[in-house]
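Asker: These are the residues of each chain, in order.
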Amino acid sequence: MSSTAKEFSAAGMAVRTAAILFVFVIIFTGMLSGAYQWTKPSIEASAAEEKMKLIDEVLPRSEYDNKLLEDIVVLPPTAELGLADTSSVYRARKGGQPIGVVFETVAPDGYAGKIRLIVAVRANGVLAGVRVTQHKETPGLGDYIEVKKDKNKARPWITQFTGMSLATVTDKDWKVRKDGGRIEYYAGATVTPRAVAKAVNKAVKWSEANRDRLFTEGVTR
Amino acid sequence: MITRDELRTIAQNGIWKQNTSIAQILGLCPLLAVTTNAVNGIMLSLATIIVMALSNVAVASLRNLIPHEIRIPVFILIVAALVTVIDLLFNANLHELYLVLGIFIPLIVTNCIVLARVEAFAAKNPPLQSTFDGIFMGVGMLWTLALLGGMRELLGSGTLLGGIDMVFPSMQPIHILPENYPGFLLALLPPGAFILLGCMIACKNWLDARAALRAKLKPPSPVATAGCH
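Top line first, the protein sequences correspond to chains A and B. The numbering used here puts the first residue of the first sequence at 367, with every later residue one more than the last. The numbering used here puts the first residue of the second sequence at 31, with every later residue one more than the last.
No lab work stands behind these hints, which were simulated from the structure alone. Keep in mind that the hints are not guaranteed to be accurate.
Between beta-carbon pairs, the in silico distance windows are [what the hints assert, rightly or not]:
#	chain 1	residue 1	chain 2	residue 2	range
1	B	H98	A	S399	48 to 58 Å
2	B	M201	A	A478	42 to 52 Å
3	B	R38	A	K433	34 to 44 Å
4	B	D195	A	S412	38 to 48 Å
5	B	L124	A	A450	43 to 53 Å
6	B	L215	A	Y552	56 to 66 Å
7	A	L420	B	C59	28 to 38 Å
8	A	R382	B	T39	50 to 60 Å
Sample of chain B residues lacking proximity to chain A, with all beta carbon distances greater than 10 Å (derived) [as the list claims (entries may be wrong)]:
#	residue
9	T33
10	L37
11	T39
12	I100
13	A111
14	A122
15	K154
16	L185
17	L190
18	V197
19	M201
20	P203
21	Y211
22	F224
23	C229
24	M230
Every residue gets a Cβ at the ideal spot worked out from N, C-alpha and C, and that includes glycine.
So here's chain A without its partners, still in its complex pose (with noise of 0.2 Å):
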């Protein structure tokens, strides 16, 4: 029999300890919420620049004056795009006329699996800009369809695309050449500029058939 304060019994020791390490997880959960709300507002602020700087990219930012990453509409999975999981369509606008869409789409037949590009049309069907967002093409060789690998950086391969439309492209000519078609590619890799010009081909497709669903259906909150 000890006359000390400090000694407890088998359960007062587990509900001793318990307590100290529930008072632990409280803390240290308190500081991560903390933490986490103190810091989305500008966690989500520079995803949203980033975002915003690779839509720049396909579509300059003086041609709209609404707030594109504000006006959205999601898609569910669209098979025409590629898109297996639901994406979000960007809507620009000027004095509230339509400008142009600018959404995903992936070409699913890259030389080395799928090919993710984020493509801008114009509401009268003419393309805007095309983008690899993301691939896994041979280095040196099919990676040149993004333009930070492309050689050629006064006219890298993927702006070709800038400005074609299906009312001024027919089907036939919007192929790689070896296809027959007027898309140029470097020699070496045909598979991967193919699996893109298709992509893109499909997508101006789907945006000319949905264009006016496209404007008009209200914002996806």
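Guided by the hints, dock chain B onto chain A, whose structure is given.
Answerer: Chain B alone, transformed into the frame defined by chain A:
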């Protein structure tokens, strides 16, 4: 306060005697995965220095409140919460740096060095000493990983500082070997990292043994290593 001698001992332990990579052999998972070039090794080490200094100081300050029986879960809780908070704060306030270091911070989760130092040092020492321990352990890791990464890179692809353009966009990797160097894939794969790490450990042991011989002492017994990867 901290005395000069204490500081020197902590520095010596961190940088050489108990070097995480070549004496304690801790944290091999990120070591193998990341050190395909020197820049990656340095970046991971910098992120680790920050996390270790902060987790050590946090644990050292709270050490008298943590019951011995549940210290490991509490340490894990503290370290995990800290890594996440650091990750969030970096992302929010130092976004440019986050784009460079950011991918390495979650990797520290797979790194048991942090927990090992918390348990072995911070749980028994005051906050200031613990902070320095965290920093110097990280510095020891920094030079080892930079050297290992540099060797793998040089042998594997004939360059140095590959990936520097991710950190400083204006800089380019230096080609040490001729452009037509065919490359040596083994050095870039994990087995090559093990082999080179083995060579570095052998070098350290040889230098230690020689120093001990000169001091007319018995060679130091190898440091016991913890069973963690």
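Asker: Please go over all the hints and tell whether each is borne out by the structure.
Answerer: Going down the list of hints, with the structure as the test:
no.	hint	result
1	H98(B) - S399(A): 48 to 58 Å	violated, 29 Å
2	M201(B) - A478(A): 42 to 52 Å	violated, 29 Å
3	R38(B) - K433(A): 34 to 44 Å	violated, 59 Å
4	D195(B) - S412(A): 38 to 48 Å	violated, 21 Å
5	L124(B) - A450(A): 43 to 53 Å	violated, 35 Å
6	L215(B) - Y552(A): 56 to 66 Å	violated, 26 Å
7	L420(A) - C59(B): 28 to 38 Å	holds, 33 Å
8	R382(A) - T39(B): 50 to 60 Å	violated, 36 Å
9	T33	holds, 32 Å
10	L37	holds, 30 Å
11	T39	holds, 31 Å
12	I100	violated, 5 Å
13	A111	violated, 4 Å
14	A122	violated, 4 Å
15	K154	holds, 19 Å
16	L185	holds, 20 Å
17	L190	holds, 19 Å
18	V197	holds, 16 Å
19	M201	holds, 16 Å
20	P203	holds, 14 Å
21	Y211	holds, 15 Å
22	F224	holds, 26 Å
23	C229	holds, 30 Å
24	M230	holds, 30 Å
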